[in-house]
Amino acid sequence: MKRTAVAILVMLLATLALAQGRLTTAISSNPPTLDPQKTFNGYSFAITNQVYETLFRVTPAGEIEGLLAASWEFVDPSTLRITLRDGITFTDGTPLDAAAVKASLERLLDPATAAPGRFVVSAIDSVEVVDATTVDILTGEPFAPLLAHLAHPVAAIVPVAHGDDLARNPVGSGPFTFVSWEQSNQLLLKANADYWGGVPAIEEVLYRIIPEVSTQVIELRSGGLDIIFNIPPDAFEALEADTSVDTTAYLGWGSTMLGMNTVNPKLQDLRVRQALAHAIDKSLIIEEFLRGLAEPGVVPIPPTVRFAASDLEEPYPYEPETAKALLAEAGATGLKLTLDIYQNPDLEAVAQVLQFMLSEVGVDLTIRVQEYAAYVEQTAKDDIELYLTSWGTVTLDADYTLYAFFHSSEIPDNNVSRYRVAAIDALLEEARDNPADSTRAAAYRDVQELVLADVPMVTLYYPLSTIAKSPVLQGEIVRFSWINLDLRNATLAR
Amino acid sequence: MTLFIIRRLAALVPVLLGVTLLVFAMLWLAPGDPVLALLGESAQGISRAALEELRRAHGFDRGPVIQYLDYLGGLVRGDLGTSVRSGQPVMQEVLGRFPATLLLAGSAMFVASVLGLTLGVLAAVFRRTVVDHVAVLIALLGVSVPVFWSGLLLMLLFALDLGWLPASGYGTWKHLVLPASAVGFSSAAFIARITRASMIETLRQDYVRTATAKGLGPGAVRLRHALRNALLPVVTVVGLQFGGLLGGAVLTETVFAWPGIGRMLVDAIATRDLPLVQGSVLFIAVLFIIVNLAVDVSYAVLNPKVRYD
Chain A
1 MKRTAVAILV MLLATLALAQ GRLTTAISSN PPTLDPQKTF NGYSFAITNQ VYETLFRVTP
61 AGEIEGLLAA SWEFVDPSTL RITLRDGITF TDGTPLDAAA VKASLERLLD PATAAPGRFV
121 VSAIDSVEVV DATTVDILTG EPFAPLLAHL AHPVAAIVPV AHGDDLARNP VGSGPFTFVS
181 WEQSNQLLLK ANADYWGGVP AIEEVLYRII PEVSTQVIEL RSGGLDIIFN IPPDAFEALE
241 ADTSVDTTAY LGWGSTMLGM NTVNPKLQDL RVRQALAHAI DKSLIIEEFL RGLAEPGVVP
301 IPPTVRFAAS DLEEPYPYEP ETAKALLAEA GATGLKLTLD IYQNPDLEAV AQVLQFMLSE
361 VGVDLTIRVQ EYAAYVEQTA KDDIELYLTS WGTVTLDADY TLYAFFHSSE IPDNNVSRYR
421 VAAIDALLEE ARDNPADSTR AAAYRDVQEL VLADVPMVTL YYPLSTIAKS PVLQGEIVRF
481 SWINLDLRNA TLAR
Chain B
495 MTLFIIRRLA ALVPVLLGVT LLVFAMLWLA PGDPVLALLG ESAQGISRAA LEELRRAHGF
555 DRGPVIQYLD YLGGLVRGDL GTSVRSGQPV MQEVLGRFPA TLLLAGSAMF VASVLGLTLG
615 VLAAVFRRTV VDHVAVLIAL LGVSVPVFWS GLLLMLLFAL DLGWLPASGY GTWKHLVLPA
675 SAVGFSSAAF IARITRASMI ETLRQDYVRT ATAKGLGPGA VRLRHALRNA LLPVVTVVGL
735 QFGGLLGGAV LTETVFAWPG IGRMLVDAIA TRDLPLVQGS VLFIAVLFII VNLAVDVSYA
795 VLNPKVRYD
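Line order of the protein sequences matches chains A and B.
Position 364 of the first sequence, counting from 1, maps to 364 under the numbering used here, and the rest follow consecutively.
In the numbering used here, each residue's number is its place in the second sequence (first place is 1) plus 494.
Just chain A, same shape as in the assembly (with noise of 0.2 Å):
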């Protein structure tokens, strides 16, 4: 009798050890599969980036660092040669070497594999093995931002040999292992008790799948959560005020621009962009709409990215006696636009206000909200006017945003105003060619300056990223987004 009771004092001291060393976090979707390879879901990159692990990343501070890689170097601007961290294994025990990162790209660049973000590192021709640590990886033509990209979460290093399995059964070397899967309810994560890292005090990581926000804060408000991510403004002001919660506002990757179509006769007129820019209200949009979850945008990109010029100031304060004369000059008087954006409650806010703010210079818009694929099709037909877009750095790298935007071979893909400057072209390849990061910084800052005074976009502001979580959570990292959480050093202190 007595030796059962005290059996069952035992186990039940081990579950409560186990649930002090658990943290519970919510997602809002099930991931669509746990192989990085295979997506392109926000969702599944948050669990990815616990279990693999990347050649590089970016740090806090918005520099880049190994994570797998010890050393590196551009022998030539085309190839960058890495020196792989010694005697690292996936967690099956298999060693991560340079035939396993190079198996692994491979994987990820072979068209038959589908994978929806091999975009991220199209720019690489081929990786070769030099020694059992060292990789050369080729681009074809000299990529300076290849690092930044090598830290995107699809470039993660996977073991091939379990091919298909990874979906439901990853294996990395990252600082977390996978336990178990309920589809649409929940995932666990357990320490893995190998990382060359060190291992993670906290024990467990239990991923819940909560659809619905109001529901994530009543469970981090009951203690059925203790962190949670991507709170709408409303909410999170209520959290705000609740002191058994910690709250954060931080300024991630993203930034939401108006973008014009600069070759539409309508647009043509630098004027008039100029006159749609002293229009806009910015810190009007930010106060009553975001609630002040934003940051007023300038340059296209925000400061968390590498080579923002962020020091540049406003040139297109709001001033709509300017714009009514700047339109009047144009000959551009009762100026009719249509606004192209898709389904997304922020954006379609903020086009109602860009109306309102417009039709006070006497510029009649009109807003088309379409889904996002049927958008997509739109900014691809050259009658197209005004666009507002919501787009995020996610490599941290200036050239991620910049050529895409504003390189004359993006037009229509992404550089939908299609914005053809023969001198931004070059500063763009410039900073592609040239690993310095001098050399890329001057470009990149030309470039910013050139298409501030040029208006084929104006940036409204950077959204901030919110998180909630309960104070027993310490030392966790977020690095620009919810999905690069970082619980390497993370405690619980219940």
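Hint data in this document are derived by calculation from the structure and do not stem from the laboratory.
Heads up, the beta-carbon is just placed ideally off N, CA and C, and yes, glycines get one too.
Any given hint could be a false lead.
No farther apart than 20 Å at their CA atoms in a straight line, the calculated lysine to any residue pairs in the SDA-like style are these [as the list claims (entries may be wrong)]: (1) K381/A x V630/B; (2) K336/A x Q352/A; (3) K668/B x G223/A; (4) K381/A x L545/B; (5) K668/B x G224/A; (6) K668/B x I218/A; (7) K381/A x A543/B; (8) K381/A x P528/B; (9) K102/A x V129/A; (10) K381/A x D527/B.
A few chain A residues that don't get close to chain B, going by computed Cβ distances all over 10 Å [said to hold, decoys possible]: (11) T59; (12) Y195; (13) V353.
Pairwise CB distance ranges (calculated) [claimed, not checked]: (14) L312/A x P583/B: 49 to 55 Å; (15) V780/B x Q343/A: 31 to 37 Å; (16) R621/B x Q343/A: 45 to 51 Å; (17) T491/A x P583/B: 36 to 42 Å; (18) A441/A x V639/B: 54 to 60 Å.
Let chain A serve as the given structure and place chain B on it in line with the hints.
Leaving out everything else, chain B in the frame of chain A:
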């Protein structure tokens, strides 16, 4: 009876064929590219060439007729295909969610039947009294209050304030109480109204008066004689509601984070995961038809006058 069941099951084939054609046509005609829908807005920066390649890899570059016939070919061989988004067999995806759906539908119908029958019988027996009015009011609330609101209220009360039950999730009986009550309450409302109307109708019948005249007590008359005969339309409503719930209770599943079929289907539609949408709708259609058949068969059991030959 057996012949009736066989005939009804045979009718499944053309119905299901129609379902596949309809679903396929709807998804095909909806604007937008399936590959873009699959990637979502997070895939900004992708080039058109890369999109083309993905389209080919998933077979979206083939004509709609070929794609449809291909699908039917698989179906005949018992292959529901593979989800585009997850790469997993559709059958596995659907069956993986079914236990949660069945559990919620079953327990919600239990709550609904007990509550609905009780309210309905009380309202009919005490017609035009306070009892009747209160019962009708409760039923009206149940029909009118949306589950995403009542669900949150239940959570605030029982999870946050009282701390008796978990707010959301799936796993233990405690997780089941709130969603089953939320769904059960709104279904109970329909059942109560039908029961009331049917009971009032039955209580007027001659055989009820006869039963009372031969000296039976009011309880026996109402429950043994009247209620059994009044149940026929109620069974139809219960059956239809149960069939509907087996298709997933999307709002409830969303609010309570319940891992059922409804949420999966909505996600699949949003990402244009055609094989998964087709497979789930087919599965739901088969269940619905079977439940309906069961309702028809139960008529014969409840009322010996009903014959199916």
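Hints versus structure:
1. K381/A x V630/B: violated, 57 Å
2. K336/A x Q352/A: Distance of about 15 Å is within 20 Å: holds.
3. K668/B x G223/A: Satisfied, since the Cα-Cα distance of roughly 16 Å is no more than 20 Å.
4. K381/A x L545/B: holds, 17 Å
5. K668/B x G224/A: OK: K668/B and G224/A at ~14 Å, within 20 Å.
6. K668/B x I218/A: Status holds; Cα separation ~16 Å.
7. K381/A x A543/B: holds, 17 Å
8. K381/A x P528/B: It holds: about 19 Å lies between the C-alpha atoms, which stays within 20 Å.
9. K102/A x V129/A: holds, 7 Å
10. K381/A x D527/B: holds, 15 Å
11. T59: For T59/A, whose nearest Cβ neighbour in chain B is about 23 Å away, the distance exceeds 10 Å, so it holds.
12. Y195: About 28 Å separates Y195/A from the closest Cβ of chain B, which puts it past 10 Å; holds.
13. V353: It holds; V353/A is separated from chain B by about 21 Å at its closest Cβ, greater than 10 Å.
14. L312/A x P583/B: 49 to 55 Å: holds, 53 Å
15. V780/B x Q343/A: 31 to 37 Å: Taking Cβ atoms as reference, V780/B and Q343/A lie about 32 Å apart, which means the hint holds.
16. R621/B x Q343/A: 45 to 51 Å: holds, 50 Å
17. T491/A x P583/B: 36 to 42 Å: Because 41 Å falls inside the window, the suggested range holds.
18. A441/A x V639/B: 54 to 60 Å: Given about 59 Å between the Cβ atoms, the range holds.
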